[in-house]
Amino acid sequence: MLDQVFVLLKHWLLGYSPAAIQPEVSILLTILPILLVFPVLFALTTVLERKGLGRIQNRYGPNRVGFYGILQPMADALKSLTKEDIVPASADRAVHFLAPLVLLAVAFLPYAVLPIGRNMIAANLDAGVLFFFAIGAISELSVFMAGWSSRNKYSLLGAMRAVAQMISYEVPLLLSSIAVIMAAGSLNTVEIVNKQAGFSGIFPHWYVLTPWGFAGFVLFMIAATAETNRSPFDLPEGESEIIAGYYLEYSGFKFALFFLGEYLGMFAISGLGITLFLGGWGAPLPFLTWVPSWIWFFAKLLGLIIGFIWVRGTLPRLRMDQLMNFAWKFMLPMALVVVVSAGAWRFLPQGVTRWLVSTLLLAVAYALLARGVETRNKIAKRTYRFAE
Amino acid sequence: MRQMSAAFLILAIVTMIAACAAMTLRGLVHCALALAVAFAGIGTLYLSLGAQFLGLAQLLVYVGAIAVLIVFVILLTRGGDGDASPLIPTGLPITGIVVATTILALLAWAVFHSFAMHSLGPPATPATVRELGTVLMAEYVLPLEVIGLMLTAALIGAVVVAMKEKQDTQ
Amino acid sequence: MTPLAGCLLVSSMLFAVGLAGALTRRNTILVLVGIELMLNAANLNFVAFWRFGHHAGVSTGVIFGLFSIAVAAAEAAVGLALILAVYRHTKTTDLSLLTGRAQ
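Residue numbers (this note's numbering), protein chains in the order written: chain A, 3 to 390; chain B, 2 to 171; chain C, 119 to 221.
Honestly, the hints are just simulated from the structure, not real lab data.
Any given hint could turn out to be false.
As the list claims (entries may be wrong) - DMTMM-like cross-link-like pairs, simulated, lysine to aspartate or glutamate; straight-line CA separation at most 25 angstroms: (1) B:Lys165 to A:Glu390; (2) C:Lys209 to A:Glu390; (3) A:Lys197 to B:Glu132; (4) B:Lys165 to C:Asp212; (5) B:Lys165 to A:Asp323; (6) A:Lys85 to A:Glu264; (7) C:Lys209 to B:Glu166.
Claimed, not checked - Estimated spans, in silico, between C-beta atoms of each pair: (8) B:Arg131 to A:Val313: 33 to 39 angstroms; (9) B:Thr153 to C:Thr210: 29 to 35 angstroms; (10) A:Met184 to B:Val160: 25 to 31 angstroms; (11) A:Glu193 to B:His114: 43 to 49 angstroms; (12) A:Leu370 to C:Thr178: 42 to 48 angstroms; (13) B:Ile148 to A:Pro41: 41 to 47 angstroms; (14) B:Val142 to A:Gln352: 26 to 32 angstroms; (15) A:Leu31 to B:Met164: 52 to 58 angstroms; (16) A:Val42 to B:His114: 57 to 63 angstroms.
Stated by the list, open to error - Per the computed footprint, the stretches of chain C lying under chain B, defined by three or more beta-carbons under 8 angstroms from a beta-carbon of chain B, are: (17) 124 to 130; (18) 133 to 140; (19) 165 to 172; (20) 185 to 191; (21) 203 to 210.
Idealized CB from N, CA, C, for every residue including glycine.
Take the sequences, apply the hints, and build the full model.
Here it is in structure tokens:
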């Protein structure tokens, strides 16, 4: 009953609206929670991140505003709303204005295909996972628009690096999802979650608990960190590297919109990782299925966010060439091996054999590739590459 | 006109304006961005016609990859600062516009005098991903393999052609 | 005017715009842009006939469109690589300067 409380609420409210506009009211009632919940989650995450990073770095985070700093997002919102909106004189006004809007629109769209609970999905598309990746690909264009329109060499450089990074890491992201799609037999997110719903003994049928699923999940999360320009892959926007990269020339509310877009992208891709690998809204243990499904989704989402914050506070930033090498020379072959391993898992009979074959494939590939990446550390004479 | 929905009309108009903008704007990067909008419009048209997989593949490949590639090449060939050719071309290029207008007139005449103005066929089967996959593996497996080979060849070829040659004189 | 005729008119107009641009503009990259527009117009034609035409439920239109997208992607990649290589040799992308060069 508590599980379906939002669905029942929506149907109850729908009953009160006139029959003529019921489809539109239904759409509105589906979209509104997404538009309200995830920005609130964004606000909470900013506080969590700053306090978390502070504790990792042996200091308190913000603790002036409100009880232990919990009202800090309010202060941040007020600050960004009241700052003067400066647009450089030589900037391309139309594109400069449109870039944050495009980014925000494209950041909200992927939530339509994430199943947040049982029967709680905004758009049950037949090709849901493909929709997610198509929208993610569009966001690269908005990053480029932001960087180019500022007519600033540093912005442009940051934008080019960000786009190159996003394109490079899209391939391992897609390949590790293809392994899951192959195992589940469908691109529909609801069906992928349903395939992971059973329990064998005490262990759920989540894909992360299979050898190829675990490797795929790790690859997916690394690629997700790079896709959303989070540390340690935040060279295009690092404060000490390139000032602020592609959103350098934005001030005030537009800067806050970029921030919002980046964090929303992070939540969306974590949501997809949860749907594909961690069993969506399913409970981890068979005696915990009485807890509502949407609580499990948000609990897993919170766990992944804490993972992102932890990694940000721990690992140093990767250089651009190290980043690209890692994507093309390690992650791409590894993702291909994950797909092969998933195929072996699917077609071998149940038992020890398929565990052994899958794990062996992955271990051998990892050992060979890791050695390959290591030996490329020669310090060569610095050369410059231009197009001509 | 009443049979066409407002959504289709809006999408068609947006795509047309974006395509015209892509071919007439002065700044090269503006042209490329307008092209991206045109691609997105066409992808949304596919989605409205019920071809879900094709529309999303169009968005992923054309907007997410080809438009970004065009933008990269514009910046690598230093086209971002200068501007493109003048808006009203002189001399021979007028022929291009005349040819295009003639072809448009011909196609429009063909459409208006065809069966398309009067009849609608039966509703098409929904092309679910499962059916597309089955058809690709059963009937169209040979074109699929050939396309795989062609994409590999194009990838290697593009990298080789665009790679900087090793300098003989250091 | 049926929806089919509407789609066909839109694709005809897109084709004409792409053709005009490919024949008129002096920058090589914009010629490629025109070619991509023409390919998209043809794809739209395919999907329109798949959706509204007279045939018995086959998904040939969609499959052809998919293959066409793949071919267009490969062709755009190779074409842009060629443009880069030509730029490296001649330092220009202006067609009026490139045509008539020594064969």
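These are the hints, each one checked on the structure:
Under the criterion of a C-alpha separation no larger than 25 angstroms, the hint pairing lysine 165 (chain B) with glutamate 390 (chain A) is consistent with the structure, at around 8 angstroms. For the hint linking lysine 209 (chain C) to glutamate 390 (chain A), the alpha-carbon distance of about 7 angstroms falls within 25 angstroms, and the restraint holds. Of the pairs offered as hints, the one joining lysine 197 (chain A) and glutamate 132 (chain B) holds, with about 20 angstroms between alpha carbons and a cut-off of 25 angstroms not exceeded. For the given pair, lysine 165 (chain B) sits about 21 angstroms from aspartate 212 (chain C) by alpha-carbon distance, which is consistent with the 25 angstroms threshold.
Proposed proximity of lysine 165 (chain B) and aspartate 323 (chain A) is supported: the alpha carbons are some 17 angstroms apart, at most 25 angstroms. This hinted pair checks out: lysine 85 (chain A) and glutamate 264 (chain A) have alpha carbons roughly 20 angstroms apart, not beyond 25 angstroms. Straight-line distance between C-alpha atoms of lysine 209 (chain C) and glutamate 166 (chain B) comes to about 16 angstroms, which keeps the hinted pair within the 25 angstroms bound. Separation of arginine 131 (chain B) from valine 313 (chain A) is about 38 angstroms and conforms to the stated range, judged on CB atoms against 33 to 39 angstroms.
Taking the beta carbon of each, threonine 153 (chain B) and threonine 210 (chain C) are about 32 angstroms apart, inside 29 to 35 angstroms as hinted. The given range of 25 to 31 angstroms is respected by methionine 184 (chain A) and valine 160 (chain B), whose C-beta atoms sit roughly 28 angstroms from each other. For glutamate 193 (chain A) and histidine 114 (chain B), the Cβ-Cβ distance of about 47 angstroms falls inside the hinted range of 43 to 49 angstroms, so the restraint holds. Between leucine 370 (chain A) and threonine 178 (chain C), the C-beta spacing of about 43 angstroms keeps the proposed range 42 to 48 angstroms intact.
As the Cβ distance of isoleucine 148 (chain B) to proline 41 (chain A) is approximately 42 angstroms, the hint placing it in 41 to 47 angstroms holds. Valine 142 (chain B) and glutamine 352 (chain A) have their C-beta atoms about 30 angstroms apart, which keeps the hinted 26 to 32 angstroms range intact. About 55 angstroms separates the C-beta atoms of leucine 31 (chain A) and methionine 164 (chain B), a value consistent with the hinted range of 52 to 58 angstroms. Remark: the range hint 57 to 63 angstroms for valine 42 (chain A) to histidine 114 (chain B) is upheld by a beta-carbon distance near 59 angstroms.
Residues of the segment 124 to 130 of chain C with a Cβ under 8 angstroms from some Cβ of chain B number 6, which satisfies the need for three, so the listed coverage holds. Residue count for the segment 133 to 140 of chain C with a Cβ under 8 angstroms from a Cβ of chain B: 8. That meets the three needed, and the coverage hint holds. Interface restraint, the segment 165 to 172 of chain C with chain B: holds (7 residues with C-beta to C-beta distance below 8 angstroms; minimum three). Under the rule that three or more residues need a Cβ within less than 8 angstroms of chain B, the assignment of the segment 185 to 191 of chain C holds, with 6 such residues.
Counting residues of the segment 203 to 210 of chain C whose C-beta sits closer than 8 angstroms to any C-beta of chain B gives 3, which meets the bar of three, so the coverage hint holds.
The earlier numbered hints are all upheld by this structure, with none contradicted.
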